[in-house]
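Chains as they are written, first to last, in our numbering: chain A, 1 to 322; chain B, 1 to 322.
Hints are supplied without guarantee of correctness; some may be wrong.
Straight-line C-alpha distance at most 27 Å; calculated BS3-like pairs for lysine-lysine [stated by the list, open to error]:
#	chain 1	residue 1	chain 2	residue 2
1	A	217	A	179
2	B	39	B	110
3	B	61	B	39
4	B	179	B	217
5	A	202	A	110
6	B	107	A	179
7	A	234	A	156
8	B	179	A	285
9	B	39	A	156
10	A	107	A	179
11	A	234	A	5
12	A	179	B	61
Since the hints were made in silico from the structure, they are not lab data. The model shown is predicted, which means the values in this text are computed figures rather than measured ones.
There are 2 protein chains.
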Amino acid sequence: MKEGKVRHAIGVDFGGTFIKMALVSEKGEVQARAKIPTKEAVGLDGWMDAVAKGMEQLCGKKGVGAGELLGIGVGVPGFVDYERGFIYDLANVPGWTGVHLAPQMEKRFKAHVRIDNDVNAMALGECTFGAGRAYQHAVFVTLGTGVGGGLLINNKLYRGAYSMAGEVGHMTIVMDGVKSPQGRGGLEQYVGNRRIVERAVKQLEQGKASLIRDMVKGDWSAITPEVIGQAANKGEKLALDVYDFVADCLAAAFASVTYLIQPQAFIVGGGVAQSGSILFDPLRKHLGERLSPFFAERIEVKTAELGNDAGVIGAATLVMMD
Amino acid sequence: MKEGKVRHAIGVDFGGTFIKMALVSEKGEVQARAKIPTKEAVGLDGWMDAVAKGMEQLCGKKGVGAGELLGIGVGVPGFVDYERGFIYDLANVPGWTGVHLAPQMEKRFKAHVRIDNDVNAMALGECTFGAGRAYQHAVFVTLGTGVGGGLLINNKLYRGAYSMAGEVGHMTIVMDGVKSPQGRGGLEQYVGNRRIVERAVKQLEQGKASLIRDMVKGDWSAITPEVIGQAANKGEKLALDVYDFVADCLAAAFASVTYLIQPQAFIVGGGVAQSGSILFDPLRKHLGERLSPFFAERIEVKTAELGNDAGVIGAATLVMMD
């Protein structure tokens, strides 16, 4: 590294709708952004063309030469062998089964390339540059359609024996609970976005009075976790109850995580985490109830800090940490 | 290390009833054993005198000089700061609160000393010399009055932020379940020895026919998990049902562990694990049901191999691995 010269990496956040890219400094700052609709990048070659175009834009804007890059990190929405840079399968992007992406990108871009699951990448980003930067041992959890997670152990992302450790969303919270392809009574079956909406709708159907009814003008298909969150922030009981339940389910899983691996902190991101104190207050309270005092006093629960940039910063971090 | 010369360590398994000691070779073989009633070793000085006497016996028997020892490892039944060799508190041994044991032992014995929780020590022993020796990532679980555990991650014992990671017994399996000082619905509240007995007794009280009734001649206080296990091994339905429930509870927690840290194997020891296939067959079956096929195919569940020597071998291993 040249003295005084800040180096950069490219972060690629490969989503089902957009390929988001950014030029990220080694201090974790986003210097430039690009965004390509996923449907315009057809097949592996089309995808690499899109990434090449994005890189030209990003580097051109900032006058960064390709040779000055630390490399390209890619976060993908699916199951990956990190060591080999191999994609087993992407859940929501057709045609990406069994793709040995890293070597092909290295050949084309003449750059150091790392591929990981998108949530693992976000976890690494948050634990390097975001809310988890002060910890050696932390657990990142993202709340959305599903519940994903990633583990920081001894300051490194821990991927387990099969590259996909940190699947907090499939941890058992009710052994005789809801069945899913991943087992039974998993956290995600209670706090995934759809489940949160279902829980509110069920109570509305029972005729319970609620602000939510007016907010969506009686159109229950317009109810989202955000709408429920807005109602909760206005002090609406039904909505607060839904968030309290979500918080307690999370606390049950977080208690398991705490007893098993004893992290210093949980970093919680994703849509539902934007609701703020209506989620975090009951989450901290219930987690405290579910732990012995020694751990209740020590464990921290924090909101993720990188927001919409978490994916690209995390992906870029993959090549900075090597 | 001198070439060709096998070195040894002393393992001390400090229990509520006995202090068990052994001279253990660096291949994990027990060369000599000693056993001192805990009540004869009063106070820290009394305890160190007892250990000194035990060491003389062990080394004398085998003609091993104190200078040839790799050190002394101690497993204790309680809460420890491994890095400092400090005992916070031992649950069942009065007078052992806030004892900075390692430096005091090092001064007296002029030897390298390591102190750890007894279950952590056993986990390290099993993962070095026992059923877990082939794995890089494994989880050791011991079934008894309580349910303890220890984690092998990247071939090392992982202790977490507070020296006590691996508390599988307190992981949530029923979020609205049995309350305890450690939280709610924890595994141990369903599969600890007393809970197993309670479950059988409850069904006997309901008048259900069972071999167990005859085996204990109507004296329900004589019912133990072993008695129930014997009945199950004879094909007794009530007893098999109890073991099936225990296995499913374990499977619910093991599924959580698998999704979180993705070990290669579980190593299960302790009294109830001696029951053999009546526990392990339903455990493997239920764990398979509770995991996606990818993990169900890969995860292994094995019986611990070191038996009654697990404590002393594990303790000795603490100083071999440094």
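Each hint tested on the structure:
no.: 1; hint: A/217 to A/179; in the structure: 33 Å, violated
no.: 2; hint: B/39 to B/110; in the structure: 26 Å, holds
no.: 3; hint: B/61 to B/39; in the structure: 25 Å, holds
no.: 4; hint: B/179 to B/217; in the structure: 33 Å, violated
no.: 5; hint: A/202 to A/110; in the structure: 55 Å, violated
no.: 6; hint: B/107 to A/179; in the structure: 58 Å, violated
no.: 7; hint: A/234 to A/156; in the structure: 40 Å, violated
no.: 8; hint: B/179 to A/285; in the structure: 16 Å, holds
no.: 9; hint: B/39 to A/156; in the structure: 45 Å, violated
no.: 10; hint: A/107 to A/179; in the structure: 44 Å, violated
no.: 11; hint: A/234 to A/5; in the structure: 49 Å, violated
no.: 12; hint: A/179 to B/61; in the structure: 59 Å, violated
Comparing the model with each earlier hint shows violations of hints 1, 4, 5, 6, 7, 9, 10, 11 and 12; every other hint is respected.
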